[in-house]
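Each chain, letter by letter, is given below.
2 protein chains.
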Amino acid sequence: MGSTIEYMDSHQVKEKQFREDLLLKYESIMAQGNGYLEVRNSLEETYQSGSKGMFVAGVFNKYSEEEVTELANFPDVVSTMIKIDGETVKLTNGTMKNYSRTMDYSNGQTIRQFEWTGSKGVVAKFSFKRFVSMANKHLLANQISIEVDQMCVVEITSGIDGRITNSGSQHFEEGEKRFHQDKFLQLVTETSDTKIPISINCTHVLTKESKKNVFMKRRQLMETHQVSMSANTTLDFVKYTLVYTGRDKEYDANEMGYLKSASIEELSTIEEKTYDEHFNESKRAWEMLWNAAPITITAKEFQDQLLLNFARYHIHAMSPIHDARMNIGAKGMTGEGYKGHTFWDTEIFILPYFSYNYPESAKSLIHYRLKTLEAAEKNAKENGYKGAQYPWESAWITDGEVTPKFGGIDVVSGKPTPVLTGELEHHVTGDVVFGAHEYVSITGDESFKEELVEMAIQCAKFWSTRVKWQEEKNRYEIHQVIGPDEYTEHVDNNAYTNYLASYSLRLALQLMEEFPDRAKKMITSEEYDDLIAVNQALYLPTPNERGIIPQDDTFLSKKEIDLDKYHKATQVLTILNDYNMDQINDLQVLKQADVLLLLLLFPESFSQEIKQANWDYYYPRTLHDSSLSKSTHCNFALLLNDVDTAYKLFQSIFDIDLSGENMHSSDDGIHAASLGGVWQNVVLGFGGLRINKNGLSLAPKLPRNWDRLEYVIKFKKRKMTVTITHDQVEIREDSGEDHSEIELLFFDRKEVFKDKLTLKY
Amino acid sequence: MGSTIEYMDSHQVKEKQFREDLLLKYESIMAQGNGYLEVRNSLEETYQSGSKGMFVAGVFNKYSEEEVTELANFPDVVSTMIKIDGETVKLTNGTMKNYSRTMDYSNGQTIRQFEWTGSKGVVAKFSFKRFVSMANKHLLANQISIEVDQMCVVEITSGIDGRITNSGSQHFEEGEKRFHQDKFLQLVTETSDTKIPISINCTHVLTKESKKNVFMKRRQLMETHQVSMSANTTLDFVKYTLVYTGRDKEYDANEMGYLKSASIEELSTIEEKTYDEHFNESKRAWEMLWNAAPITITAKEFQDQLLLNFARYHIHAMSPIHDARMNIGAKGMTGEGYKGHTFWDTEIFILPYFSYNYPESAKSLIHYRLKTLEAAEKNAKENGYKGAQYPWESAWITDGEVTPKFGGIDVVSGKPTPVLTGELEHHVTGDVVFGAHEYVSITGDESFKEELVEMAIQCAKFWSTRVKWQEEKNRYEIHQVIGPDEYTEHVDNNAYTNYLASYSLRLALQLMEEFPDRAKKMITSEEYDDLIAVNQALYLPTPNERGIIPQDDTFLSKKEIDLDKYHKATQVLTILNDYNMDQINDLQVLKQADVLLLLLLFPESFSQEIKQANWDYYYPRTLHDSSLSKSTHCNFALLLNDVDTAYKLFQSIFDIDLSGENMHSSDDGIHAASLGGVWQNVVLGFGGLRINKNGLSLAPKLPRNWDRLEYVIKFKKRKMTVTITHDQVEIREDSGEDHSEIELLFFDRKEVFKDKLTLKY
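One line per chain: the protein sequences are A and B, in this order. The working numbering applies: residue 1 is where the first sequence begins, and numbers increase by one. The working numbering applies: residue 1 is where the second sequence begins, and numbers increase by one.
Hints in this document: simulated from the structure, not taken from any laboratory. Treat each hint with caution, since some may be false.
It does not matter which identical chain is meant; a pair holds if it fits inside one copy or across any two.
Using 30 Å as the maximum straight-line C-alpha spacing, the simulated DSS-like pairs for lysine-lysine come out as follows [stated by the list, open to error]:
1) K405 x K62
2) K217 x K195
3) K217 x K283
4) K97 x K16
5) K565 x K217
Put together the whole structure using the sequences plus the hints.
What follows is the structure in C-alpha cells.
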C-alpha cells in the first residue's frame, strides 16, 4: 500500500495522498489544541472511516451507570458540505489532483489543498486552513478558499451538528438552538449526567455575497450559503467557533449570560479580524512557548528534531495547565482512547518536561493531585485502607477511580476481558508523590514542599495499611498487585511497587520531620508508629545470585516461550490473539519496562553490574506492547553507555505515532506518555541532564547521528542553556538575578561554574 | 442529474446506478420488514449519506427527560466490510460496472449486484441478497456471493455494531457481548430508560474454509473471516440474525433464558437451512398474504399496479398486527421520521385496508386504542377534561401524549418552531372512534361492538367537556384547535373537528342504547345529560350562501396570496422558507384536505352541489404539503365524477415515495398514510366500493388508462371478488358457508345477488 506520510522538515508533516482508510491516523497526529480544547483533524467532507472529535478539558460525563465517565465528544463544527453546481465535492467523487495536507507543529496550523474537477467540468482549487488558537483558548478558526475556472454556483453548508457521540454513547442533551442577529449560530446544551452547561457559537464570514438559507434539524443547526461565482475568481469562507463551558473558571452558575450573551458578544468582536490576524496572534503565542525552552538537535537528518517538535507540540496542545482541576489524558484530547483519563503517565513520563521548563504548569498538574486527595482518601476507605489511594484512572477531581471494568475479547472464553488495573495497579500512589517531589528537587520550590505534606502522609498511610505482615519472614509484603508490566496480574511483591511504596513512606517521614507542626494534625502517634514500622520492615526485593531483581515473587519461575513472532509484529498486543490474560500471566513475558523503570528512577541505588544484569534479563522478554516502554529502555541503555541501542530505541519511538508503516497505531489518539518520554530521551538521556537532591549533573551521550544538541532548562529558577557536541559541553546561565556559583557533577567530576562553563570530554 | 430509479414491472423497482447522495431514498423505499422488525435497506459498505436503521415494534425509549419517546434504532447487523487483497471494496474505490439493486415487493427480497475491479486487477462479481422473514418474525438473512477471476484473499468483517443512534440520541446501554460456541455472536442489552431488554444473535455460514479472528471494541462485537480464493471460484457468505426483545409476547421477565440461551438454540437450528430455504419459507408467507386479497389492475402500463403493490408491501412490512399493544408509525419502521409514533393516519387512512381484507389485523389495531384508553383518560384529566383524549402522537400503550415540542427553524425569530399539534389537534379522538366503528360496519363484527362501548363513552365525555357553551349563540362551540389542515393553529370551530366530535357523541349515545347494562357502569346520569345536551346543541358549521363550509370561524376572511410558486415546487413545505407559522396562520392556504376530508368521510350528509362548491374553493388553496392530502383529493374528485383529475392525483401519489424527480422525499422513511390512501383510491375510489351502515354499494369509475380492475374484499365475513371493466361489473362471492342473498346499491339502483352478479353500466 505504501506510506502516505511525508516528513517535510523538522516541524512539518504532510499527508501526500488521500486515503479514506487512513483518516484516523491523520485526525490524531494532526489534532489541534491549546490545552483547553482539542479537535481531531477530521476533514470538512465526511468519509466512512473518520472519527470526528472535539474535547474540552474537564468536561466529563457518564452515559449511564454502566459506563465510566469520559471526556464528552462535543458537537461537530468542522464538517462542511460543499457543492459546485449541485454536485457534492468529495475526494471520492469527481477527479482530484495535487492533494496535500500539511501540519506545522511550530504553529498548529493545517493547510489542505487539492484541485477538483466535477462531472460538469468546473475545475476548482481548494485550500483549507485551520487552527485552534493558542492566544484565545475558546477559538477554533477555519478558512476555506475556492478558486473556480468558470462560472458556477458554489453552495456551502456549515453549522453545529450535535449528532456526534463517543462511539455510540451520547453525552449531551439536544439543548437550545438559536440564530442570533441573523448571523450567529448558537447551541447551548448540557451534559446528560454531570449537567455541565456548554455553549458553542459559530459565525461564517464570506468574501462574496451569498444567498443564505438556515435550517434546524434534530441536534443540528445549519446555514447554507449559495454564491454565484464568475470565472477565475476565489471565494474565501471563514468560520469562527467559540466554545465555552460551565467548567471554565470564569463561569458563574448563577449567570447564564457567560454562555449565552457574552459568547455572542465575543463572537462579534472575533469576526472583525481576519483569519490571518487571528492566526498570527495564535502563532505568536506558540512562539513564546518555544522561546521559553528552545531545543535544537543538529544532525544530517531532521527526523529526530521533528519527533521532538511533534512531541512538544502535542504536550502543549493536550495539557490543561490553565486549570488545576484538570490533568492530562493518556491520549491527551486527541481521541476517545482512554476516555481522557489521567494515569501515572503524567508523573513519570510527562511531568518532568514541565518541571524542567514550565514550572508553573508543572505545579498546576501537581495541584490536580492535591485537589483529588479527598477523592483518593475516599477511594482508600472504600477499598479498606487508610490514607489516600490515588485512582489508577482519574477524571474530574471528585470522581475517584474511573477505570472501566472490561476490555477487548478473551479469545478463550468468548467474553470481554476484565480490566483489573483499577483494582490492582497500586503503584500510582507511589508515582504521584515521586513526581511531586521531583518537581521540588528540580525547581527548588521549597515553599511548595509544605503543600505536599498532607498528600505524602496520606499516601504513606495507605501503604502502611496496604502491606501485609509476614510473621515467618519477619517483614511486610505487598500482595496481589499489578506492576508497570500489566501482563502479570495478582502478583505478590512487585519490585517496582514495593520500592515506590518505600519511597513514599520515607518521603512522608522526611516531610514530617521538616514540617512537624503541619504534620501533627494529620496523623496519630499510632499511625506514625505504623509508618516507622512498615518503613523499616518493608520487603524490598534484592538482586539474586545472578544480579537480577525478581519482578515479583513468581515471575522468574514462570514458563518461557519463544517471543520472536511478537517481537517482529508491526502491531502491538498481538500476543492477545494467541493467549488470554490468564495464560499470559503464566509466561515470562513483559508488556513494558518494570524492574528497569525502577532502576532508572533510582539509578544511584543500584550498581552498573546490577543494571546490566537486569537489562540482559528483562529486555529480551519485553514486547513493548505499551508505548511507555521504549523511552524507558532508551534512557536505560544510556545508563549502560550503549548509545547505539539507545538511539535505535529512540528512533523506533518515531514509529509509535509518526510511522508510515503502522498507519493505525494512533487511531484512538496519540500516545501522551511517549511524548514526554521523547523529551526525557533528548534532554535527560542523550543530553545527560539530571537534577535530584544531590544537585545538578551532566553526562551527555550524543548519538553518532547528531552533531550538536542544545537545550534550555530551569534549575532552581535559574535558566540555563546546555550546548553539547561530541567533544565538549558548554553550560551557560542566561541572565537572571542570581549569579551565585553552581555546583555540577560532570560525569564523575565535580565542577563549579558561574555564568558559563565549557567542558571537554 | 437524471433519475437513478427504474420501474421494472408491477412488483419490482431497480436502483440502476449507484449515487452516494441518494442512498436515503433507497434505504427507505426498499426497507424490509415483517411488522415485527423493519430494517432500512442500507448497504453493506458504509457511505457518508446513509442512515442505518433497524427498528422493532414496541421497543420505545426516551434518551432523556428533554426528549420524547421513540422507536430505538437497533445495533447495526447489516454493515459488512469486505477487502480483497487488503483493499476495501467500496463503490467509490476501484472500478465498478453493471451496478443494480432490485427490490421485489412481492417477496421482500433485494438483490444487489456489481462487478468491481480493485487497484491490483482482481475482478470480483458481487451479489448481495437480503430479506426479513415473513415466516420467522425474528429473522434477518443476508447472503453475499463473491466470484473472483484470479487467486486472491477475501476478508469479510461482520458482526453487531451498537454505535448506532437515533440522530445522535443513544437508546441502549453497551450491554453484554459474548461469543458462544465459537460461532454465535450475541449482544444482550437494554434500553436506557424503559429498560426493555433485547437480544441480537448472529452467525456466519461460509461455503469455503476461512481463518477467523474475533474482536470486541466499544459497543462492537465482530468477526473477520479470511478466505484464500482460487481463480474463478465463488464464495457464499451467509449471515443470519435473530432479534428478540422484552416486548415480545413470549418474553418472561423472570426468565432471561428466552433472550440468552433460547435465542442461541434457535440460531443453531436456523443455520442448518440454506439462505434459499429460508427465503422460500418467507416468500410463501408473503404469497399467503397476497392470496387472501389479490388486486389486479389491467392496464397498458404497470406503474399503477406497482404503486399499489409497493403500498401493500410496505403496509404489511410496517404494521405490527401480531401484537395489540403496538400500532403503525407514520413512517412505519422505515426510518426515524415521526419517531415510530402512531397518528390518526392509522384510523382514517390505513385501517380500512385491514378492515376490508384482514379483519383480524384491523381488530388488533383497534385493540391498541382500547389498551391505550387508560392513558387517554389520564391525558384528558391532565388537560382538564373528562373522559378520554387520545394523544395526537401515541407510542407505547402507557405513554399518553408523546408529540415533540419543537420542529424546524422559525425563519423570523431564529428559534425552533413550537409544535402545537400535541396540544391542539384534538380531532384524533373523533377519528379513533370513527375508524373503530367503520370496522364494525365493514366486518359486521357485532360482538366486537360491545368492546367499543367504554371507548365511545369516554371519548364522548371528552368532547362534552372540551366544548364551550356560547350563551349569546345558544350553542356549544369548540375553540382553540388545529384541524387536519395544520397551517391554521388556534382556530375556533374547525368544521372537521366539530363534525367528528358530533359523530363521536352520537356513536356513544347509540352504543349506550344498544348496551345499556355495560354503559351504566361508565357514566353518571349527570354526565349522560351532558352528552345529550352537547350533542343537541353542538355547532356544526353549515354551507354559506356560496355553498362553502367554513373551515373554521376565521379562515374565509384571511388574506389570500398567490400560491403558484408553492404549487409548482417539487419539494413540500417550501412556504416555510418564506413565512413562519404565525404568518401562514393569517393566510388562506391549506397544508392538506380539511373540509374536503370531512365531506369524503360523510358523503351522504352533503349534496353534490355542496361537494362541488367546496372542492372549487379549497382545492386551489391546498398545497398538499402533507402526504395525506392527495389520496383524499383523488377520491373526492371521484365523488364529483371527475375521473381524469382523480387519476392525475392518483398518479402524482406515485411521486411521494417512488418518484425519480424528488429523490429526497422519503429520506426519513416512507409515507404510511399515503400507502393506505393508495389502496383506498384503487378499491374505494376507482373501484367504487363502499360499505357502511346502509350496506354494500358499488359505483366504480375506471380511469381511461385501465382496462380492468379486479379486487377481493370481505363484507361481513363473506369474501367477494369484484371485476370491473369499462362497461360491466361482475361481483362474485367466493365459496363460503353463508349463501344468503346480498343487497347491493349499484350506482343508484338496488340489486340483490347470490353467488354472482354481472351488471352493465
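We went through each hint and held it up to the structure:
When the C-alpha separation of K405 and K62 is checked against a cutoff of 30 Å, the pair qualifies both within a copy, at 14 Å, and between copies, at 26 Å. Taking identical chains as interchangeable, the C-alpha atoms of K217 and K195 lie at most 30 Å apart whether they share a chain (23 Å) or sit on different chains (27 Å). Taking the shortest alpha-carbon separations for K217 and K283, neither the intra-copy value of 37 Å nor the inter-copy value of 38 Å comes in at or below 30 Å. In this assembly of identical chains, K97 and K16 lie within 30 Å of each other by CA distance both inside one copy and across copies; the values are 11 Å within and 29 Å between.
For the homomeric pair K565 and K217, the shortest alpha-carbon distance between copies (24 Å) is at most 30 Å, but the shortest distance inside one copy (52 Å) is not.
Hint 3 from the earlier list is the only one contradicted by this structure; the remaining hints agree with it.
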